[in-house]
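Student: Protein chains in written order, with the UniProt record's numbering: chain A, 1 to 108; chain B, 1 to 694.
Keep in mind the hints are simulated off the structure, nothing from the lab. Nothing here was measured: the structure is a model prediction, and the numbers come from that model. Don't take every hint at face value.
Anything over 12 Å on all C-beta distances counts as not near chain A; from chain B, calculated [as the list claims (entries may be wrong)]: (1) I5; (2) H278; (3) M369; (4) L425; (5) A541.
Ranges between beta-carbon positions, derived for each pair [unchecked claim]: (6) A44/A <-> P112/B: 55 to 65 Å; (7) S645/B <-> H104/A: 41 to 51 Å; (8) F34/A <-> N359/B: 38 to 48 Å; (9) F412/B <-> V37/A: 48 to 58 Å; (10) G44/B <-> L71/A: 49 to 59 Å; (11) V37/A <-> M239/B: 42 to 52 Å; (12) H104/A <-> R508/B: 40 to 50 Å; (13) V408/B <-> A28/A: 54 to 64 Å.
Pulled a few chain B residues facing chain A out of the computed Cβ check, cut under 7 Å [said to hold, decoys possible]: (14) F257; (15) M289; (16) N293; (17) L297; (18) F344; (19) G355; (20) S357; (21) L360.
Note that CB positions come from ideal geometry on N, CA and C, so glycine has one too.
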Amino acid sequence: MTAPQADPRREKRREIRTYAIGYALALALTGGAFAAVHWPRFPARTTLGLVFGLALVQMIVHLRCFLHVSLRRSSRDDLLLILFSTLIIILMVAGTIVIIANLHGRMM
Amino acid sequence: MTDGIWPALLGRFTWNALAFVRAWQNPTVNEIIGAGAAMMVVLGAASVITLITVTGKWGYLWREWLTSLDHKKIGVMYVVLAFVMLARALAEAVLMRMQQAAAVNAPGFVEPDHFAQLFSTHGSIMIFFMAMPFLTGIINYVTPLQIGARDVAFPLLNSISLWLTGGAAGLMMVSLVIGRFSTGGWTGYPPYTELAFSPDVGPDYWISAVTLGSIASTLSGLNFAVTIYKLRCPGMTLMRMPLFCWTTLCTSILMIFAMPPLTVATALLALDRYLGFHFFTNDLGGNMMNYANLFWLFGHPEVYILILPAFGAYSEVVSTFSSKELYGYTSLVLATMAIAVLSFTVWVHHFFAMGQSANLNAVFGIATMTIGVPTGVKIYDWIWTMFRGEVRFTVPMLYSLAFMMTFVLGGFTGILLAFPPLDYLVHNTLFLVAHFHNMLIPGLLYGMLAATHYWFPKAFGFRLNEKWGRIAFGCWVFGFYLAFMPLYVLGAGGAARRSQAFFEPAFRPWLYVAGVGALILLAALTALFVQLWVSIRERDANRVFAGDPWDGRGLEWSTSAPPPEYNYAVIPVVDGRDPFYDGKRDGDGYAVPAGYEDIAVPRNSMVGPATGILGAGLAFGLVWYIWWLAVLCLAGIVATVIARSFIRDVERIVPAADVARIEDRWHHAIAAARPISRHHETTPANQGLAEVTA
Numbered sequence: 001m002t003a004p005q006a007d008p009r010r011e012k013r014r015e016i017r018t019y020a021i022g023y024a025l026a027l028a029l030t031g032g033a034f035a036a037v038h039w040p041r042f043p044a045r046t047t048l049g050l051v052f053g054l055a056l057v058q059m060i061v062h063l064r065c066f067l068h069v070s071l072r073r074s075s076r077d078d079l080l081l082i083l084f085s086t087l088i089i090i091l092m093v094a095g096t097i098v099i100i101a102n103l104h105g106r107m108m
Numbered sequence: 001m002t003d004g005i006w007p008a009l010l011g012r013f014t015w016n017a018l019a020f021v022r023a024w025q026n027p028t029v030n031e032i033i034g035a036g037a038a039m040m041v042v043l044g045a046a047s048v049i050t051l052i053t054v055t056g057k058w059g060y061l062w063r064e065w066l067t068s069l070d071h072k073k074i075g076v077m078y079v080v081l082a083f084v085m086l087a088r089a090l091a092e093a094v095l096m097r098m099q100q101a102a103a104v105n106a107p108g109f110v111e112p113d114h115f116a117q118l119f120s121t122h123g124s125i126m127i128f129f130m131a132m133p134f135l136t137g138i139i140n141y142v143t144p145l146q147i148g149a150r151d152v153a154f155p156l157l158n159s160i161s162l163w164l165t166g167g168a169a170g171l172m173m174v175s176l177v178i179g180r181f182s183t184g185g186w187t188g189y190p191p192y193t194e195l196a197f198s199p200d201v202g203p204d205y206w207i208s209a210v211t212l213g214s215i216a217s218t219l220s221g222l223n224f225a226v227t228i229y230k231l232r233c234p235g236m237t238l239m240r241m242p243l244f245c246w247t248t249l250c251t252s253i254l255m256i257f258a259m260p261p262l263t264v265a266t267a268l269l270a271l272d273r274y275l276g277f278h279f280f281t282n283d284l285g286g287n288m289m290n291y292a293n294l295f296w297l298f299g300h301p302e303v304y305i306l307i308l309p310a311f312g313a314y315s316e317v318v319s320t321f322s323s324k325e326l327y328g329y330t331s332l333v334l335a336t337m338a339i340a341v342l343s344f345t346v347w348v349h350h351f352f353a354m355g356q357s358a359n360l361n362a363v364f365g366i367a368t369m370t371i372g373v374p375t376g377v378k379i380y381d382w383i384w385t386m387f388r389g390e391v392r393f394t395v396p397m398l399y400s401l402a403f404m405m406t407f408v409l410g411g412f413t414g415i416l417l418a419f420p421p422l423d424y425l426v427h428n429t430l431f432l433v434a435h436f437h438n439m440l441i442p443g444l445l446y447g448m449l450a451a452t453h454y455w456f457p458k459a460f461g462f463r464l465n466e467k468w469g470r471i472a473f474g475c476w477v478f479g480f481y482l483a484f485m486p487l488y489v490l491g492a493g494g495a496a497r498r499s500q501a502f503f504e505p506a507f508r509p510w511l512y513v514a515g516v517g518a519l520i521l522l523a524a525l526t527a528l529f530v531q532l533w534v535s536i537r538e539r540d541a542n543r544v545f546a547g548d549p550w551d552g553r554g555l556e557w558s559t560s561a562p563p564p565e566y567n568y569a570v571i572p573v574v575d576g577r578d579p580f581y582d583g584k585r586d587g588d589g590y591a592v593p594a595g596y597e598d599i600a601v602p603r604n605s606m607v608g609p610a611t612g613i614l615g616a617g618l619a620f621g622l623v624w625y626i627w628w629l630a631v632l633c634l635a636g637i638v639a640t641v642i643a644r645s646f647i648r649d650v651e652r653i654v655p656a657a658d659v660a661r662i663e664d665r666w667h668h669a670i671a672a673a674r675p676i677s678r679h680h681e682t683t684p685a686n687q688g689l690a691e692v693t694a
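Full structure from sequences and hints, please.
Tutor: This is how it looks when you write it as structure tokens:
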């Protein structure tokens with residue numbers, strides 16, 4: 001439906017390449033997280049942040065390479081939905097934590 | 001299970017659980033009212049079943065309605081369910097008002113425990129089994145037509161949602177006859193609803209019914225969102241969708257994100273009650289604040305789930321009956337989206353008084369006040385749409401006008417309640433009750449009634465009676481003001497909500513006025529049923545088969561009334577916001593296509609009814625600890641899903657010849673119909689063809 005269609009063979013090769021890149025990146029990011037824990041170079045807190053950061057990057061890799069959500073016009077709707085979902089979930093989770101922590105603080 | 005066969009078979013059921021037996025053993029007015037209500041349920045069900053059997057309509061009903069996957073029929077069934085539940089919940093409201101009016105320094109006739117069941121069922125039914133089915137039904141009917149689609153994205157899922165909702169509503173009805181309902185209010189706050197304080201079946205009924213309903217709503221939300229994202233006809237960009245579709249989209253997104261917290265909250269409460277967990281108990285680390293948090297994470301977006309579809313309906317109605325393009329379309333879309341996002345940032349205002357710090361309350365209070373801004377934008381947009389338009393005061397338009405004025409009043413009291421210090425004074429009083437009824441009656445009920453009057457001719461092919469519509473409208477508005485304005489006074493004077501009796505004689509006159517108001521609201525519902533009866537009797541004089549009784553603007557008016565099961569013989573292509581209105585002006589509103597093709601429509605399926613009935617059976621088994629029934633029904637649901645996956649032949653083909661025949665009949669009717677001007681649209685001259693002026 002989008003841009004003038006390339007011939008299906010090239011299209012398929014391109015797709016396989018995206019998957020391969022995604023797989024390699026996912027592998028590297030996962031490995032990196034495990035490595036950071038197994039060969040600790042930084043204090044525990046930094047390591048924890050590092051693992052979280054790697055997980056976030058991994059999510060973006062999954063979306064980009066496996067679910068084909070990019071900045072292109074054709075996937076703009078999907079991208080907006082994902083961003084919206086992220087916003088709502090952050091609001092709900094962060095709000096809950098703040099509320100419960102606040103009550104906890106006052107109960108102490 | 002050492003103590004005999006009966007507990008194993010019937011769980012904790014005893015004969016005392018039956019309302020009739022209770023009334024027989026202890027014939028007080030209170031018990032007789034309970035038995036009378038149970039009798040109404042039993043007689044109502046029995047008479048419906050007898051009527052269908054005598055007229056031999058079971059086969060017709062099963063084939064044409066109950067197993068149908070047609071979004072239009074599912075929508076109609078949702079609305080029927082909503083009206084049945086509305087009748088019950090409104091009757092309960094009247095009973096409560098009568099009791100309060102009679103119980104100033106007197107015991108009245110309804111005992112406290114029974115009164116608590118009344119307000120719990122009234123609230124639960126009005127939200128989950130009146131409002132939600134009503135708006136889901138209207139969305140179901142209208143949205144696919146408006147976006148030029150032949151059905152929703154997942155027709156079978158649609159049927160399953162309907163039947164789960166129906167099963168849950170049935171459970172509410174059963175609770176009148178067998179056992180008792182929760183006394184914990186529609187919010188079911190623990191620790192009161194925990195086993196320690198409410199060991200009876202009541203809260204279990206509430207948990208089961210609400211859980212089934214919330215799952216059904218989540219599924220509906222997913223269905224509508226996918227439908228709008230994937231099934232819009234060519235040319236229908238998001239910014240060309242009718243505003244009702246926008247509100248549907250936002251409501252669906254809210255459903256997707258807001259219903260799961262409710263399902264989780266009720267599930268955790270169920271774990272507490274059934275398996276001895278301690279999520280919300282007083283002891284052993286339970287935290288009931290988290291229940292309030294989860295419940296209102298659902299509860300606040302829920303308010304907007306209820307109100308947004310009504311906003312959409314008002315937008316359509318005001319634009320059509322002013323014969324003007326909707327003013328400020330973009331701002332309305334932005335306001336709708338803004339409301340959807342903001343609705344997730346304000347939930348703490350439902351429990352300001354529960355013990356968090358003043359700073360936290362202040363943040364949420366300010367967030368609450370900001371919601372007034374996009375809502376205000378909408379009100380101005382509707383006013384500007386009417387400005388210099390050819391405004392006709394039809395019934396839907398009257399509801400829209402009553403909504404605008406009443407809703408703004410309710411909004412003001414909402415801004416008052418958004419101040420945490422002020423909320424401390426009036427929370428848990430009738431002031432709050434007045435406020436939310438002041439939002440939901442205009443913001444949901446009037447909207448859905450406007451939508452029903454507006455789209456009824458499309459759905460059934462004839463207009464509703466105008467006179468009885470006006471009588472009903474007058475009663476709804478007049479009754480509302482009489483019933484709820486006194487509650488502001490009472491609440492500000494300190495009258496606690498959910499009170500079975502009062503001890504302050506000064507309350508008496510206000511309670512009397514509110515009681516009269518409740519009776520007028522009951523008359524309003526009666527007038528609606530009379531209107532339906534009269535309209536059906538006079539249907540032949542008011543047919544609008546050509547399909548466009550109001551000089552409509554959107555695609556839904558460009559088919560016959562009622563539309564064929566496939567909606568559109570040829571999928572329309574649109575190039576603007578009011579495609580049909582512009583099409584009529586350009587002369588190609590009713591273009592006859594060169595030829596027709598076979599059309600695939602979803603085949604009927606009994607998966608929906610099976611899931612709903614088995615779901616209700618599962619819930620009933622859980623409520624009464626009848627474990628064999630619960631296990632059997634659960635296995636039945638799994639088996640149904642597996643069996644369905646083996647059915648490959650899920651579509652039925654409507655041959656091109658049949659399509660041609662149906663479409664030709666309609667095109668002939670258009671050719672024969674006399675176009676009418678807007679002055680005659682509420683007269684029998686209206687055959688569904690609009691006179692096109694410039």
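Student: List, from low to high, the hint numbers that the structure doesn't satisfy.
Tutor: none
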